[in-house]
Every structure is written in C-alpha cells, then in structure tokens.
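Given next are the chains, with one letter for each unit.
2 protein chains.
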Amino acid sequence: MSKFVSIRNIRFMIKEVFNSKSLIEYDYYSKHNEKMFDMVIDAALKLADKLMYPVLEEMDQNQPVLEAGQVKVHGAVKKIMKEFGRGGWIASGFSEAHGGDQLPFIIRGTASFIFAASNYSACAYPELTTGAAELITSFGSQELIDIYVPKMLEGKWQGTMALTEPQAGSSLSDITTTACPDQNGRYKIRGVKTFISAGDHDGVENIIHLMLARIENAPAGAKGISLFVVPKKRLDEKKNLIPNDITTASIYHKLGYRGTPATEISMGEKDDCTGWLVGEENKGLVYMFQMMNEARILVGLASCAIASSAYLAALEYAEKRPQGRPVTLKDPLIKQIPIIEHADVKRMLLFQKSIVEGSFSLVLQCCMYADLIKVSQGDEKEKYEFLLDLLTPVAKAFPSEYGIYSVSNALQCFGGYGYCKDFPVEQYFRDMRIHAIHEGTTGIQGMDLLGRKILMKNGKAALLFIEEVTLTISAAMEIKGLQFFAGELQRVMKLLEKVAGFLFNVAHEKGVEVYLSDSTLFLEFYGLIVISWQWLIQGIAAQKAMAQDCSKKDTNFYKGKFFAMNYFFRYELPKTLGLAARLMDDDNLTVDMKTEYFKD
Amino acid sequence: MSKFVSIRNIRFMIKEVFNSKSLIEYDYYSKHNEKMFDMVIDAALKLADKLMYPVLEEMDQNQPVLEAGQVKVHGAVKKIMKEFGRGGWIASGFSEAHGGDQLPFIIRGTASFIFAASNYSACAYPELTTGAAELITSFGSQELIDIYVPKMLEGKWQGTMALTEPQAGSSLSDITTTACPDQNGRYKIRGVKTFISAGDHDGVENIIHLMLARIENAPAGAKGISLFVVPKKRLDEKKNLIPNDITTASIYHKLGYRGTPATEISMGEKDDCTGWLVGEENKGLVYMFQMMNEARILVGLASCAIASSAYLAALEYAEKRPQGRPVTLKDPLIKQIPIIEHADVKRMLLFQKSIVEGSFSLVLQCCMYADLIKVSQGDEKEKYEFLLDLLTPVAKAFPSEYGIYSVSNALQCFGGYGYCKDFPVEQYFRDMRIHAIHEGTTGIQGMDLLGRKILMKNGKAALLFIEEVTLTISAAMEIKGLQFFAGELQRVMKLLEKVAGFLFNVAHEKGVEVYLSDSTLFLEFYGLIVISWQWLIQGIAAQKAMAQDCSKKDTNFYKGKFFAMNYFFRYELPKTLGLAARLMDDDNLTVDMKTEYFKD
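From first to last, the protein sequence lines are chains X and S. With numbering that gives the first Met the number 0, letter number 247 in the first sequence gets 246, and the count goes up by one each step, no holes. With numbering that gives the first Met the number 0, letter number 428 in the second sequence gets 427, and the count goes up by one each step, no holes.
Simulated from the structure, these hints should not be mistaken for laboratory data. Errors might be hidden in some of the hints.
Identical copies go unnamed one by one, so any copy, or any two together, can satisfy a pair.
[To be verified] Below, simulated DSS-like cross-link-like pairs (lysine-lysine); rule was C-alpha separation at most 25 Å, straight line:
no., residue 1, residue 2
1, K493, K574
2, K334, K598
3, K334, K45
4, K574, K497
5, K20, K373
6, K593, K319
7, K456, K329
8, K187, K150
9, K30, K14
10, K329, K282
11, K509, K459
12, K49, K238
Please read these numbers as outputs of a predicted model, since none were measured by experiment.
Turn these sequences into a full structure, and let the hints steer you where they fit.
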C-alpha cells in the first residue's frame, strides 16, 4: 500500500472489475497489452512517490507569489512539467498522429488518480495542459496544432482554460472579453479573466490560454461565444517569442489547492494582445464543453484521490494510536487498544472506504464509456455517449461533495492531531473543498442532471441507465451473498422511478422553476443509487474471486470489499428515504421564499 | 443586522421565545431587570464590533509564536483580557460573593455567542478564564479563591483546562501526570499536558492551569484523578511571582482557531513545579465535569456563532452578486439577477438559517435550564438537571457537526470567491472544524447520550424530555398554521420510541458493544428531533406575534422564521427516516469488521 492510494484496489478495479484489457481487442488500442498497462501504473506510482508526494506540504506552505508581473511557483513545478513531458504523460491519451500513445482513459485516468492523490496541486499543471492541447487538436487548424501542441505535450508550454470573468462565473453566457478581427485573420483580444489556474508561472516558457471571447457583433449570450488560442508570448515573424500584452493582475490566496496559482489576467491593455480563432466562430461553448466534460470527470477523480490519501492516512493512524478500551472492559489496568478497534472509528473508516472506492469505481466507469465511444459505432456508440453524458454530473458532484465529508471523517479519526499541521489531513480537508466549486458548482451539476441529462431525447439516457443497472442486478441475483444487495438496489430503482415520475408531474403542473428547485438534492439521491450500483458491480467481482481459491491476503481484501459494499448499502443508501420524502414534497418552499424574509 | 449576528433574532430568542425576564422573579436574579439585560447585549455587541471583529483576520494570519520559551500572541489579546476584566465579562455569571453579577446564563451565553461570532479565537481567552475560576470557587479552599479568583476575573491572569496528555486524549482515565505531596500540604507536579488552549501567552501576567493529575498511589483509572491549581508563576513568601517550573515545549500550527495558541506544556522538569489540590483527593474528574459540561454548552454556542457569521456573510454576498437569470427567462439581454433569487441559493441560505437559529435555540434552552437549576428545589430542580444533562451532548454535537455543513454551504454561496481569502468565509470553514473535536469528540458525545444519559435513572431524563416535547406539540396544535408541524413532530417522536425500543432490545440480546456501535448516528437522529422541537417552539412564538398587529419589517422577520422552520421540518427532519432505518438494522457491521480487512 502506498501512502496515498491502495495499489491492490487499483489492480482490482482495472483488472477484476472493468477488465480494461478487453479494450486491447479494438484496433485503436491494439498496440497496448495488459503488461504495458501495469507498467504505466507502476511508473505513475513511482513518479508520484518520488517527485510529487515529497513536495505536497512544501507546495502548500510556499504559495505562488506575484513578483514584478511574473508568478513564481515552487521549483518542483518545472521538474514536474519536464518529467511529464519527457515521460509522455501529457500526451498519453492523444492519437499517435498527434504524438500520443492512444492510451485508454481508464488507464491514464488511473494514473491521474495516483498523481492527484500524491499532490493535487502538482498534477494540475500537466493535466490542464493536456486538456488545452486536446481542444486545439480537436478543433484547431493544422497551423495552430503545429505551433502549439508539440510544445505543450513536451511540458514546455502550459495550457489553461480561460473561461471565468469577474462578472461571469457560473453564467458563461455573460462573458464580455472581446475579439476584434484584424487584416491577417487574427483577433485583437481585450478583457479580464479570473480564477485562471496556472494562468501564469515560471515553471514553463510560455502559457497558452484556451480562451472564450466574443467576436465583435456576435449574437448575445451563449450563441455568440468563440474559442481562441491566446498565448502569453506569441511568435513574431522570426519565430521569436515576444510578449502578447497579457498582464497578471493578481493571484488569489486560497483555502487550499495552494500549489497552483489562481490568477486574474488582463488582455490587451496596450491593445496588442493577439488571439487565434479555434474552429468556427460562435462555437466556442460547444468546443469548450468537450474539454469541460473531461475536466469534470477529472475533478471527480481528483476528489476520490484526495479522499483516498486522507482515508489511508487515517487508517494508518487508527492502527497505531492506542486510546481507550473495549466498551465491555473498562479496567484501567488493561492496556489501551488501537482506536481502529472501536466500532465508531471502524464506522468512520468504512464510510471513507465506501466513498473513496465507490466514487473511484463510478469515475472509472465513465472513463471506460469514453474509451468505448472512441472505438464503437452507431447505436452502441450512442449508448455509451448517453451513459457518459448522464453520469458526468454525478461523477463530478458526488465525489466532490461526499469527499468533503469523507476527509472530514478522516480528520476526525486523528482527534486533535487532525486539526494540526503535524499530519497532512488538514491540508486534504482544505484541498478537497475546491472540487465542489470549480468546473461547474454542485448546483450547476444538479441542473445539468435534472434539467438536461435526464430529459434528453425523451429520457433515453435515463432508460439506458436503468437497463445497465438491471443487468447488474440480474447478475448479482445469481451470486451467493449478493441477493440482498441486488434486492435493495431493485427497490431503490423503483423509488427512483417514483420520484422521477413525481417530478415530471411537478414540471407539468407547476413549471420548470419548481421542478428544478431541488435539483441538487435529486443529484445526491441519484448519486447514492449510482454509487450503490457501482458497489454491487464490485461486490460481484469480489464474490466471484472469493469463490476461487485465493490467498489469505486476498481473502482479507475481498472481505474488506464486501464490508464496504455492505456499509454503503446499509448506512448510505438509506439516505435515499429522506431525500425521496423531500423530493416528493411539492411545497415550493425555496421558490416561495423571498429575499426580504431573510432580513433582520 | 451586525456583520456576524442577527440582533433581531437575539431579541426574538431571549424575549419572545425564552422570556428570559421571567428569571428576574427569582431572588438570585432579582437585582436585574429586562432593560439591564438589553444593555448587556448592546454592550456585548459594541465590544465585539469594536474590539474583536476588526482583528478577526489579523489574529488568523499572525499566529502565536513560541520565542525563547514564551508564547507571543496578537497584541489585541492583552486589550481584550483587560477589557473583559474591567467590564465584568469574565465575572458576570459569578455570585456577588465572588465578585460577580449573578447574570443568568441565558444572557451571558448570548453575549458569548456574540463574541464568538465576531472572533472565536479572541473570546476563548476570557471564556477559559471564567471556566477555570468557576472551578476554583466551586471546589477550592478560601485561600485558593482569594489568591487566584480576583486576578482571573480582572483578566490579569489567564485560566486554562489542562486535561489532555499525549497518550490520553479521549481516555482521561489514562492520564499519568503525577502529584507528590510535600510537607506543606502542597504537591510536586510532574508530567506533560498537550493541546492546552491559551496554555501560555504574553497577554497576561500569569497562567493558571486547572490540571488533572494522579496523587502517588491513587487508585488506577478515573477514580484516582485529582484536580490541582498549577500556576505558571507561583507566589513566594513575599508574595512575589516566581517561575513554577512549567515549560512550554511547543505550540501547534492549526487548521483554524489560530488566534489562540494550543500548547504542549511540561511540568516539573527541574522538580520545582508546585500544585495546590482543589477540593478532595481523587474527585478531579467529577469536579472537572462541572466545567466540562458548561464548556460543552459553550462549544455548541460557538458553533452556532461561527455558522451565524458565515451565514450572514453569505446572505450579504448573495444579495449583491448578480449571476444568471430566472430559469424561465434565459434571454441573455435581460439583466442578471442577484443569486439570492435562485431557488438553489435560497435553499442553501435556508439550510444555514435553520441550522444557526435552530441550534442557537437549543443552546439557549440549555442555558435556561442551567439558570433554573440555580433557583429551584426538589423535583423541579431535578427535572431541569435531568433535561440539561440529557441535552448537553446534543447541544455540543449537533451545532458542531451540522455547523461544518452550514459553513460549507456558506462558502459554496460565494462560488470561487468563497475559496479565497478575499472573504472571511474560508476562515470560518477552518475555525468551525475544531468544535466537533475539542471538549469531547462527537463520538464521545454519542456514547454519552446513548450509553449514559438516555439510560440514567431508568430513562427518567428521556421521559422528561418526551413530556416537554408533548407540551410543545399540544400548544402548537392549538395554533393556526402549526398543526402540520406539530403532527410531524408527534410522528417522529413515535419513531424515536420505536428506535429506542429496538436498541434496548439489541442491548439486551447482543450486548453493549453492538448497542453502542451506532451511537454517533443515534445522536444525529436525536439531534434532528430536538432541533425540530426547538423550531416548533420558535414557530409558536412567531405565529403568536404575527397574530398581533406588527410592522411590515417584523412581519417579514416572522415569515422568515416560518420559512426556516418549514425548511427544517421538510428538508432536514426527513433525514430521520434513513437514520431510523439504519439504526434498526442490527447487522453488527462495524463490530464485525476486522482490522485486517482494511488492509491492502
């Protein structure tokens, strides 16, 4: 077991649960084999262990500073970007044509999980670069690809997502950064972007912003937003890098995630900031959402990752820390027992295990769908697309929200020590909190699920999901020890049907505002069901493995899986009862509440 | 409305809900009148506003340092201790005989709420001093009282609670600090205490530790612990202060609550640390629990207080921040609306309001019981004692646990800005997290409630609680608009009876370990019911007030109360369904789980 991830669990997930080697049968992934997958994971573990985990606390304690217009970051960032470029990590998911390895998302996602667990701030730099480069290869001209992508994949140039503006956070349709066409087919950019992660730093030679802006006279709102490449330094005629009139106005001091600067940048103060249009005009939001959807999966992954580090730290502590005695043996002369032997501590650890491993499973499921989309056609492809679309808000929001509680429970296991900087868990508590905010807040995810995904194509995605779950339930019904859980999931799927039916009726009778008013709670309700489904999938794999001959160590591992599944079904899934009761109460409470009633 | 508390709500609570002036009829409180109570509250608000809130962030950013064996704290601490001494705040609850004002707890608790909301770290110094001085006046000799109490009440000497040792956190029976009697009736103290808040600092002339230690040859465990006064500097024969051989070994760097140093102190390294026994030998734990019980109430109060500050900050922001449009009006040319108009934001604000004001109500209820204990006799006194004992773990744990979610929701209202130091909410998120840990973790409170309080004297306290709730339900049944809520509370009280019956049966059939294994969840379950009861009490007061002629402003306030009560009953109380389902599942899951199953 490493300090921050369970290697045994990773193996279980990508081999025994998701059988990732089945992807090798497809042409696109055929140059890989299972051994290579293992090597990738091992290499990721080594890198995380040697390069990233050792600077976890340092990067938190020595935050980026803005000096003379330049953001300076911890020295490790330069090494990390270099190593991620050299080792092909930034490029691994790209097609061979673009210099990548065509590595399946389930494998590079696992690597990403490992990196994020070791040091989330550190892994954000290369990951943002991957996302930005992907946008260029997907929608940019060959010229843009040639100029930018190789340098980015080498880790020499940093990529960013420059969406948010001070007056436009969740409401992207209100962005005001302008792009004015010049005679050379380029654009003059003017505006301010805020909360741009890695928006400037001295660990790379250049910063490449994938930026949303409005071309002059574009239609109002979301339909008038275009995507641009706006580099910090642009190439002049002689191919020298010259400043592109972007100023870093400020950096934010944050609760956590401190190793990565969040910057406010200003473009075109001297009217000399050039941008290059990516793809067609006014399609910026559509393009950006390709990146955004993957970014949301990665946020889910990072949430499980931080919760994983916190969980393993709590587990290690709980095994070593003596405190108290069994409730039935209060004799003070008896030696104290490790706190892991107290039922309440086991409960907290099981909670964490069930959240970490249940969420990780869901995110890998999404990665697998993404991998299958790439290699399938027609109805099959459509099926995976629907399922991925439907589950993306859940994979983003559930781990990031329950992750807060999970890390809070980890901290609690340490008692007073958890509140102190002597252990990294207080940092995990701070780092974790970003994930329910960035890449679309939980509220936005709820609206996406209930207002869009559940409804799309007459509920086709939702029906496909029911089919998937039904398959899992049927399989589990055949396996000894799983019937109870299969039955519970079946029962709760009926409850889901009832709740959804109720809400559709609300939409019909009371309109969309009331229908959407509890969408965040619906998201939680749906999330609990989705994670139970993932736990049942894991339960099937564990029970099957235990039916074979297996070592004592493996048996313990599978029993742990069984207990964690059990825990999720018996402690977490019952929360759906309260949520369903609430969701089927159409009192319009939050809609009717008025601002003045909050007043003193 | 101040920045950190709702003054209108405070008035509502202490006048309209708890009618605190009724206490004046008792001799002990008879020198007060309602106007004086108002003046106390006003003075507290002024002090908090002028002296404490302005240094909230500074005290967080400039943490205490240990230099040459001396802890140095923010300069404001000296002023605050002086002002709290001069203004009689430290002494306010003491009897006149001890130099106090005999101010009821409900009033000084409200002042404490105001102070904690303005700056929790700052108010910890005088509050710890009050608690320590109370222990001396309750159980110490006249000599100890004369030497220590006046200086402490003047704010010149700091009081502390020195319980925890590195190897004995929650398990107090394992403390090893020793006290060896000398010829003068004093004791030589040796040992190490850790996490001692305000255990050393330069804002006062002396530090007075109320310390648990074992007298040589005392019985093992809890029965062999005595209470001592152990000053940092003791008086020599000439009444000069000389060092008492206490060394500050280190200070902790904490997640939050940074303005108050948590110290590790070492006594008797030169064999010259003197302690004075308080009361009788081996009764230390019993004495300490007087202080501890009040400290737990104060932790509950501080939890509501921090959640209050965060809530009001979120409310202010939500009213000012434009973002997005009504879900039915997506035209981008329409002006953006303040986020408070979105149902999901109102839901988050109502959640916070319901937690802050519901919890505050419970804590004030406990203060009121404490006030009544002081002035009543016989059965009546016993009734209040039972109710206070029963509700103390709830008043400590519910606000501190739900407070974490409440502040997290406040942070979420700010979006990305909530994660940055531009607003104080990220500090509140860090400060809040201590409360579920200190003065007995949530797990300890759960064991206290289910393992001790519910059972004491054959469940007498639990029955008295049912009687109280039944009275409230009957009153609410008579009032228009409240029947639904009264009915809900009645229903959930039956559920409580069912759950408790089930658990008693578990205790009988499976033993105490299984019975107690979900005590933390039982505490949450019980807490939701208790807070609903408090909301119904508030609902009665609000409906009665609205039935009178009242101003537009007051009507808005009462409607806000009604919505918040409604919110709690319709969004939070349904959580009891899932908790009850879990609590009535006697699968022994966490008891059966084994350490080795957690392993890789």
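Results for each hint:
1. In this homomeric assembly, K493 and K574 come within 25 Å of each other (Cα to Cα) both inside a single copy, at 15 Å, and across copies, at 20 Å.
2. Taking identical chains as interchangeable, the C-alpha atoms of K334 and K598 lie at most 25 Å apart only when they sit on different chains, with a minimum of 24 Å there against 56 Å within one chain.
3. In this assembly of identical chains, K334 and K45 lie within 25 Å of each other by CA distance neither inside one copy nor across copies; the values are 39 Å within and 52 Å between.
4. Taking the shortest Cα distances, K574 and K497 sit within 25 Å of each other both inside one copy (16 Å) and across copies (19 Å).
5. Taking the closest pair of Cα atoms, K20 and K373 come within 25 Å of each other only inside a single copy of the chain (15 Å); across copies the shortest separation is 73 Å, beyond that limit.
6. Taking the shortest Cα distances, K593 and K319 sit within 25 Å of each other only across copies (15 Å), while inside one copy they are farther apart (52 Å).
7. Proximity of K456 and K329 under a CA criterion of 25 Å is satisfied inter-copy only: 21 Å between copies versus 63 Å inside one chain copy.
8. In this assembly of identical chains, the alpha carbons of K187 and K150 lie at most 25 Å apart only when taken from the same copy (23 Å versus 70 Å across copies).
9. Proximity of K30 to K14 under the C-alpha cut-off of 25 Å is restricted to the intra-copy arrangement: shortest distance 18 Å within a copy versus 77 Å between copies.
10. In this assembly of identical chains, K329 and K282 lie within 25 Å of each other by CA distance solely across copies; the values are 18 Å between and 69 Å within a copy.
11. When the C-alpha separation of K509 and K459 is checked against a cutoff of 25 Å, the pair qualifies only within one copy, where the shortest distance is 24 Å, while the shortest distance between copies is 49 Å.
12. Proximity of K49 and K238 under a CA criterion of 25 Å is satisfied in neither setting, with 37 Å inside one chain copy and 60 Å between copies.
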